[in-house]
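S.K.: These are the residues of each chain, in order.
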Amino acid sequence: GAVVSQHPSRVICKSGTSVKIECRSLDFQATTMFWYRQFPKQSLMLMATSNEGSKATYEQGVEKDKFLINHASLTLSTLTVTSAHPEDSSFYICSARDRRGVYNEQFFGPGTRLTVL
Amino acid sequence: QQQVKQSPQSLIVQKGGISIINCAYENTAFDYFPWYQQFPGKGPALLIAIRPDVSEKKEGRFTISFNKSAKQFSLHIMDSQPGDSATYFCAASKDTGRRALTFGSGTRLQVQP
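So the protein lines, in turn, are chains A and B.
Every position in the first sequence, counted from 1, becomes a number in my numbering once 90 is added.
Every position in the second sequence, counted from 1, becomes a number in my numbering once 91 is added.
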């Protein structure tokens, strides 16, 4: 149980294009999903918190118009990197919190490696 | 402001030894403390977690020790194996509200055969 998937696992795109990353909770419903960014050999940096049916909450310094988040259902959240540039190249990881969870167990997806040329 | 400080940055342990990773937090409102294991190119996997109402939790070879007064918690990996070689992250969160995790900086563990 508690499986989170991400698609795609890797994406290479040209500068200026938009890329959509999907995060799905496969065997549970997630009231909240989180999006992180991780640079090589560094920790996870929280970008935004996404709640089903409401607007995402972005961390300070994260451009909400550049990183569009949609949480359309209890099992799916999407992150769209708009007009991507080389500095957006990173490892993007989502996590999901089980709505039935007693505590704050969060389960992570396998990550998406984005490379912007 | 780094709210969760993790040490050491890297750790080399011989097979069969004990690996110990320490974390300290600042926010006394935190009441959920998980540890995650991450292999290169993969997402973090939840290993074990503790709440401040207990001082220790053990699951298999993994043990969390928690010291509420010192605002510190640690992960002990008993009988460390080469397959345990990974990066370990501690984290902390409130168990109410937004519940966003604050991560430590990570510890790269290498278990030598």
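Hints listed in this document are in silico derivations from the structure and should not be mistaken for laboratory results.
Mixed in with the good hints, there may be bad ones.
[What the hints assert, rightly or not] With a Cα cut of at most 35 Å, we get these calculated DSBU-like pairs of lysine-lysine:
#, chain 1, residue 1, chain 2, residue 2
1, A, 154, B, 149
2, B, 185, A, 131
3, B, 96, A, 110
4, A, 154, B, 133
5, A, 131, A, 110
6, A, 104, B, 133
7, B, 133, B, 106
8, A, 145, B, 133
9, A, 145, A, 110
10, B, 162, A, 145
11, A, 104, B, 149
12, B, 106, A, 154
13, B, 148, A, 156
14, A, 154, B, 148
15, A, 131, A, 145
16, B, 96, A, 145
17, B, 96, B, 148
18, B, 133, A, 110
19, B, 133, A, 131
20, A, 154, B, 185
21, A, 131, B, 106
22, A, 131, B, 162
23, A, 145, B, 106
24, B, 159, A, 110
25, A, 131, B, 149
26, A, 154, A, 110
27, A, 156, B, 106
28, A, 156, B, 133
29, A, 145, A, 156
30, B, 96, B, 185
[What the hints assert, rightly or not] Not everything, but these chain B residues come out facing chain A in the computed CB check (under 8 Å):
#, residue
31, 120
32, 134
33, 136
[As the list claims (entries may be wrong)] Derived Cβ-Cβ restraints for the label pairs, each shown as a range:
#, chain 1, residue 1, chain 2, residue 2, range
34, A, 179, B, 188, 31 to 37 Å
35, B, 133, A, 179, 14 to 20 Å
36, B, 159, A, 170, 26 to 32 Å
37, B, 133, A, 189, 22 to 28 Å
For every residue, glycine included, the Cβ atom is placed at its ideal position computed from N, Cα and C.
S.K.: Give a verdict on every hint.
M.R.: Quick rundown of the hints versus the structure:
Note on residue 154 of chain A and residue 149 of chain B: the hinted pairing is violated, with a Cα-Cα distance of about 41 Å set against a maximum of 35 Å. Our distance criterion of 35 Å between C-alpha atoms is met by residue 185 of chain B and residue 131 of chain A, whose separation comes to about 26 Å. Distance restraint check for residue 96 of chain B and residue 110 of chain A: the Cα-Cα separation of roughly 33 Å lies within the 35 Å cut-off, and the hinted pair is therefore satisfied. Only pairs whose Cα atoms come within 35 Å are accepted, and residue 154 of chain A paired with residue 133 of chain B is accepted, the gap being roughly 26 Å.
Taken as a hint, the residue 131 of chain A and residue 110 of chain A pair is honoured in the structure, with Cα atoms around 24 Å apart against an allowance of 35 Å. A threshold of 35 Å between alpha carbons decides the hint, and for residue 104 of chain A with residue 133 of chain B the separation of about 24 Å falls inside it, so the pair holds. Restraint check for residue 133 of chain B and residue 106 of chain B: satisfied, since their Cα atoms lie roughly 23 Å apart, inside the 35 Å limit. For the suggested pair residue 145 of chain A and residue 133 of chain B, the alpha carbons sit about 28 Å apart, so the restraint of at most 35 Å is met.
The suggested pairing of residue 145 of chain A with residue 110 of chain A holds, with an alpha-carbon distance near 17 Å, which does not exceed 35 Å. Between residue 162 of chain B and residue 145 of chain A the alpha-carbon distance is near 34 Å, which keeps this suggested pair within the 35 Å criterion. A hinted pair counts as satisfied when its Cα atoms are at most 35 Å apart, and residue 104 of chain A with residue 149 of chain B does not qualify at roughly 48 Å. A C-alpha spacing of about 46 Å is found between residue 106 of chain B and residue 154 of chain A, which places the hinted pair above 35 Å, so the restraint is violated.
With a C-alpha separation of about 42 Å, the suggested pair residue 148 of chain B and residue 156 of chain A falls outside the 35 Å cut-off, and the hint is violated. As the CA atoms of residue 154 of chain A and residue 148 of chain B are separated by approximately 39 Å, the hinted pair breaks the 35 Å bound. For a cut-off of 35 Å, the pair hint linking residue 131 of chain A to residue 145 of chain A stands: about 31 Å separates their Cα positions. Taken as a hint, the residue 96 of chain B and residue 145 of chain A pair is honoured in the structure, with Cα atoms around 31 Å apart against an allowance of 35 Å.
For the hint linking residue 96 of chain B to residue 148 of chain B, the alpha-carbon distance of about 21 Å falls within 35 Å, and the restraint holds. Restraint check for residue 133 of chain B and residue 110 of chain A: the C-alpha separation of about 19 Å stays at or below 35 Å, so the hint holds. Our distance criterion of 35 Å between C-alpha atoms is met by residue 133 of chain B and residue 131 of chain A, whose separation comes to about 12 Å. Restraint check: the Cα-Cα separation between residue 154 of chain A and residue 185 of chain B comes to about 24 Å, which is no more than 35 Å; the hinted pair holds.
Annotation: proposed proximity of residue 131 of chain A to residue 106 of chain B holds, straight-line Cα distance about 24 Å (limit 35 Å). Pair hint residue 131 of chain A plus residue 162 of chain B holds up; C-alpha atoms about 26 Å apart against a cutoff of 35 Å. In summary, the hint linking residue 145 of chain A to residue 106 of chain B is not supported, as the alpha carbons are separated by about 48 Å, beyond the 35 Å threshold. For the given pair, residue 159 of chain B sits about 42 Å from residue 110 of chain A by alpha-carbon distance, which is inconsistent with the 35 Å threshold.
A hinted pair counts as satisfied when its Cα atoms are at most 35 Å apart, and residue 131 of chain A with residue 149 of chain B qualifies at roughly 28 Å. For the given pair, residue 154 of chain A sits about 14 Å from residue 110 of chain A by alpha-carbon distance, which is consistent with the 35 Å threshold. For the hint linking residue 156 of chain A to residue 106 of chain B, the alpha-carbon distance of about 46 Å lies beyond 35 Å, and the restraint is violated. The hinted pair formed by residue 156 of chain A and residue 133 of chain B meets the criterion: a straight-line CA distance of about 25 Å does not exceed 35 Å.
Restraint check for residue 145 of chain A and residue 156 of chain A: satisfied, since their Cα atoms lie roughly 15 Å apart, inside the 35 Å limit. For the hint pairing residue 96 of chain B with residue 185 of chain B, the CA-to-CA distance comes to about 17 Å; that is within 35 Å, so the pair holds. Hint status for residue 120 of chain B relative to chain A: violated, with the closest Cβ pair at about 13 Å, above 8 Å. With its C-beta approaching chain A no nearer than about 4 Å, residue 134 of chain B sits inside the 8 Å limit, and its interface hint holds.
Hint status for residue 136 of chain B relative to chain A: holds, with the closest Cβ pair at about 7 Å, below 8 Å. Evaluation of the 31 to 37 Å hint for residue 179 of chain A and residue 188 of chain B yields a pass: the beta carbon distance comes to about 32 Å. Between residue 133 of chain B and residue 179 of chain A the beta carbons are some 18 Å apart, a value that agrees with the proposed interval 14 to 20 Å. Between residue 159 of chain B and residue 170 of chain A, the C-beta spacing of about 42 Å breaks the proposed range 26 to 32 Å.
About 25 Å separates the C-beta atoms of residue 133 of chain B and residue 189 of chain A, a value consistent with the hinted range of 22 to 28 Å.
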